[in-house]
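Asks: Chain residues, written in single-letter form:
Protein chains: 2
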Amino acid sequence: MTRKPDSAAVAAWISLARAHRVAMCDVEARLKAADLPPLAWYDVLWELEKAGECGLRPFALEKALLFEQYNLSRLIDRMHKAGLVERCSCPDDRRGQTLHVNDQGRALRQRMWDVYGLAIAEIVGDRLDAAEAERLATLLAKLG
Amino acid sequence: MTRKPDSAAVAAWISLARAHRVAMCDVEARLKAADLPPLAWYDVLWELEKAGECGLRPFALEKALLFEQYNLSRLIDRMHKAGLVERCSCPDDRRGQTLHVNDQGRALRQRMWDVYGLAIAEIVGDRLDAAEAERLATLLAKLG
DNA sequence: TTGATATTGATGCAACTGCATCTATATTGG
DNA sequence: CCAATATAGATGCAGTTGCATCAATATCAA
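Protein chains in written order, with the numbering used here: chain A, 29 to 172; chain B, 29 to 172.
By construction, these hints were calculated from the structure, which means they are not laboratory data. There's no promise every hint is true.
For chains that are exact copies, the list does not tell them apart, and a pair is met inside one copy or across any two.
Claimed, not checked - Restricting the straight-line Cα-Cα distance to at most 30 Å, the calculated cross-link-like pairs of lysine-lysine (DSS-like) are: (1) Lys60 with Lys32; (2) Lys78 with Lys109; (3) Lys109 with Lys170; (4) Lys60 with Lys170.
Sequences are here, hints too, so could you generate the full structure?
Replies: Below, the structure written as structure tokens:
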């Protein structure tokens, strides 16, 4: 019993793969051109900034961003070494730690957003009106 | 003049990133579980199969699949070593080569499609009806 | 023709990812 | 309480990617 996808589903799939690749490559290239780190760093900084005072545990970040545990562990390491993120040992769970973004991290996130936000405006905003963008988000959300 | 994307564009962007990650991780995991190689191999095999007799030049594959030149070069190497792809030296351009899929490659692509096609059916087909899938493809195409 | 430039594809090296596994601590069941 | 199991996070190693650059051939302009 080999089930096959219909052609509309395949077309949507291919468009998803292609649109994602083109869009992400574009953004990553813009960041690199501005001497800024990759998008993943932005995601971490932004989650930590949203988390505020109390910070976030790595496993929470992992779930929020859908990163692999070992990738996140090393990414945090790099970001810590780059002076963007603080690791505080966790009083109530001595296996763990709490992550906090510092001023330098917040400043970097802002600089990244200047580039990233503009890219989103140009890649999405210029090509879809608000209603279309909303419909796109709704359709994509059904795939999650 | 820092231009900012509107919230609908940002929402679409985030959905795109998330839907893509979830969907691709799902498919890659299914392939791995079936002891099959990654999606990129499928793409190469399928392009070569579509190209037929005359095969394809690496630079053509590169454009078709939006791969980086150096990644493609090494991917072809691995696929050649795996006995899936033949490299024929090119009579009219001695810098280049022509790539052909062989029987083993075609057979592998078919086995991959059994898994991949089912995944598309379940991930897209089960969640969007044909009209929705078509609308999604249309919207995503505008981003390319 | 010939020298300058562009294109095709490969590759050395550093960075990153995936996998398996490890240590340390927490939780749970008896 | 204790042993068994689960969870948090780190890490060694192999495989892959990104970057820079190279060699070989093709194209183009004078």
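Asks: Are the hints correct? Go through all of them and say.
Replies: Each hint tested on the structure:
Within a single copy, Lys60 and Lys32 get their C-alpha atoms only as close as 41 Å, which misses the 30 Å cut-off; across copies the closest is 20 Å, which meets it. In this assembly of identical chains, the alpha carbons of Lys78 and Lys109 lie at most 30 Å apart only when taken from the same copy (21 Å versus 48 Å across copies). Neither within a single protomer nor between protomers do Lys109 and Lys170 lie at most 30 Å apart by alpha-carbon distance, with minima of 38 Å and 40 Å respectively. Proximity of Lys60 to Lys170 under the C-alpha cut-off of 30 Å is restricted to the inter-copy arrangement: shortest distance 25 Å between copies versus 32 Å within a copy.
Taken one by one, the earlier hints fail for this structure only at number 3.
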